[in-house]
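**Student:** Quick note, the sequences are listed as chains V and R, same order.
Following the numbering used here, the numbering of the first sequence begins with 31 at its first residue and continues without gaps.
Following the numbering used here, the numbering of the second sequence begins with 31 at its first residue and continues without gaps.
Just so you know, these hints were derived from the structure itself, not from any lab.
There could be a bad hint or two in this list.
What the hints assert, rightly or not - Covered stretches of chain V (in silico footprint by chain R; criterion: 3 or more residues with CB under 8 Å from a CB of chain R, positions within the stretch not fixed):
| hint | segment |
| --- | --- |
| 1 | 291-305 |
| 2 | 382-390 |
To be verified - Here are the computed distance ranges between Cβ atoms for each label pair:
| hint | chain 1 | residue 1 | chain 2 | residue 2 | range |
| --- | --- | --- | --- | --- | --- |
| 3 | R | 418 | V | 411 | 38 to 46 Å |
| 4 | R | 363 | V | 441 | 17 to 25 Å |
| 5 | R | 56 | V | 388 | 48 to 56 Å |
| 6 | R | 349 | V | 292 | 16 to 24 Å |
From the three backbone atoms N, C-alpha and C, an ideal C-beta is built for every residue, glycine too.
Number of protein chains: 2
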Amino acid sequence: MPAADARHRTRIVVIGAGFAGLQLVKDLKGAGCDIILVDRRNHHLFQPLLYQVATTVLATSDVAWPIRRIFRRRRDVTTILGDVVDIDRDVNHVVLACGNRLDYDILAVATGARHAYFGKDEWAAAAPGLKTLEDATTIRRKLLLAFERAELCPDLVERQALLTFAVVGGGPTGVEMAGIIADLARRILPREFRRIDTRQSRILLIEAGPRLLPAFGEWASDYASRALTRRGVEVRVDSRVTHLAPTEVHLGDPDQSGERLRLHTVIWAAGVAASDAHRWLRVDADRAGRVRVGPDLTLPGDPAIFVLGDTAAVESEGKPVPGVAPAAKQQGHHAAQVIRARLRGRAAPGPFRYRHDGNLAVIGRNAAVIERGNLHLTGRSAWWVWGVAHIFFLISPRSRLAVTLSWLWSFVSGQNSARLITQGDAGTDDPPADRPLKQPAAGTDWGQPPQRAPRPVQR
Amino acid sequence: MPAADARHRTRIVVIGAGFAGLQLVKDLKGAGCDIILVDRRNHHLFQPLLYQVATTVLATSDVAWPIRRIFRRRRDVTTILGDVVDIDRDVNHVVLACGNRLDYDILAVATGARHAYFGKDEWAAAAPGLKTLEDATTIRRKLLLAFERAELCPDLVERQALLTFAVVGGGPTGVEMAGIIADLARRILPREFRRIDTRQSRILLIEAGPRLLPAFGEWASDYASRALTRRGVEVRVDSRVTHLAPTEVHLGDPDQSGERLRLHTVIWAAGVAASDAHRWLRVDADRAGRVRVGPDLTLPGDPAIFVLGDTAAVESEGKPVPGVAPAAKQQGHHAAQVIRARLRGRAAPGPFRYRHDGNLAVIGRNAAVIERGNLHLTGRSAWWVWGVAHIFFLISPRSRLAVTLSWLWSFVSGQNSARLITQGDAGTDDPPADRPLKQPAAGTDWGQPPQRAPRPVQR
């Protein structure tokens, strides 16, 4: 890194506008650098609420904000929509897919993680994960189409398969997804269908480990398990997916004591792997694809390069830092402090320390768990605290208003507002995928079904 | 149609949940029929505000509502997500793509219209029209990506082509789109880009006829033309598109006095053609693909079949009824009255009469035209009336709240809230289309551009 002189403003390139990258850029306000922020998307995504887009509660624009807009008043920040393909550490530049290159004095790599299938990449097509807005609308389409297809399906076995939903992974995202799908099937949709009883849906939450919410205390796992079971979710712990295809899931060894599930909807909330940053940097990665960094969050031996957030393997007081939003934000903040100290020629701040603010997970309407030190909160009060906390975390006042409105509306009316099936292929006039799974007997009038589900008797 | 007896409830199949179909089903409440409502989409779309989704003002869920939800309390209504492929008039049934068939006593076909390219179907790929939610997000992506690409583009000529936008068709949709793109380029985006001045964008509105808003009085055309010009839109009347490719548009004969435009974004707001209903019905269609119906809105010679809305060629007092939302609603209402009269064995109501409630079009912030009889309203007052009227027309109180919030927010903050670029291919992790139009010179550092646009000096 060249010494700061009067004419050269330090150029900082930040790759990734997730929680870490965004915080870094914010905390460099007034530091007198030229900052270039590159992301493959034009928006910052509020991941903690993305599952609510997938489950019809929130609109896409409630949880995503144009990055340019966030920094429109920061003359020192230039935003680029671009796809990084390489980093040349010898000559200090970043290469974009469009052919442009970006020289840097300091580089921060905060490119996050994507879902991982433990080496079974062929599962991805059958079991979408939840990382992007498109993932969320894909899952939303899959969920809603399953009910639509079941309503049209003349075959009872096939119909039950359509009404079977499996969520793989018992962390907060899996718990939240399973809870909200149960809400959808048992509370929101029953009145709207005439041939099927959506309350007969099976919703399975599959966790390979011995308990849900492994990052929480055991009391929280017990509560989550009970609360989900009360909502009609079948919780399977110690249960490993051994086979996954578009219409079938095997748990354990089906020839032994395992189980085969016929279904059409599997949602993947199990594993994540870090982005490809270690390849660009040509450094070793750990098993999860993360790049090991020192206590100042830079690459060992290359103080010009910071690696932050889910892309980095960081330790704090001898323990690995979890891949959660608050940790990413704290790393962005710490990196900004290190850079500021350098620019001013001051002593570096101490090593990065992760401050754990507690664990939150929501299970469904009126049910959540909060664990913060000795504070254990469950049920309705936890649910309200969770809601208020997340509204507070949202980035713009506009989103706070919109999310508050959506939630209050759902709460009061018992209805979700974003129940739209949109196409995978934008811009085509193709019909939605209502193609049959089995052809009905020729000449059957659908209007006179052989088996009619009992009419739901709800308010 | 069989006579109503005590045991057989009349089965009414309605194809299409647009304005006409929805109104018909609503007005048949309590008529004692079994109604099956079929649509290719799971949502009713409020078309008059769709252009605001395309131009980043509103979220998709603000203008679309799940059809099932609308009729959840109507036990006599069954909603199907299905794709009609044929109608067999000999045995009175509708055939769905999934193989199911729906028997009917009475059938209402209200399948709307799609955009038409006057026989030049190859133009569709280069110039998307605006009929579905996916069309709207496609146009939104194209608009926003053009600015993003221009920011990265090292070539001045190419950059100007990226900042050139053409809207084809000078009806209300074209006028509204051009006005709002101008707003975006001149008022909303300038602060956010560092290399380009978005205010240097060219926005062209191209109309083949002699004036904008041909359905309005001439005073309105003059006002719209002046108001758009003041906003920096180049209005071209008497101007016909003769060639349309992804990067080029020809107006008139370029070898004579015509013009070639280099650009990357063309939006089609020119022509519509009715859906394929006439093929299913095996009847002749008029030039626009519409089915001619009698004064009771049924097929001549087949009183069991109603054709409504944009699919029908209807006359009212000797004049053709325009293809607008109020006309479709009135037709749905009239058809319901005809059916009710038949069911009760009463005399049919008189012939359908279109009641023209006036013309509305919005041009941009604080500018709209309203024409209702002798009432001519323009400017800020028309804009507020337009807004309040449209909020009133929205179908659910939830949308009214959400749209009001979005509009008030835009008005107060000067910002639009739905500026998201989402992918065409849902569910993939592919980067956005930031591929270059021309490769920059190898080894150019994008951070030090040869030509820097002047910094916008706005609040």
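**Student:** Taking the numbered hints from earlier one at a time, note which ones the structure violates and give those numbers from smallest to largest.
**Tutor:** The structure breaks hints 1, 2, 4, 6; every other hint is satisfied.
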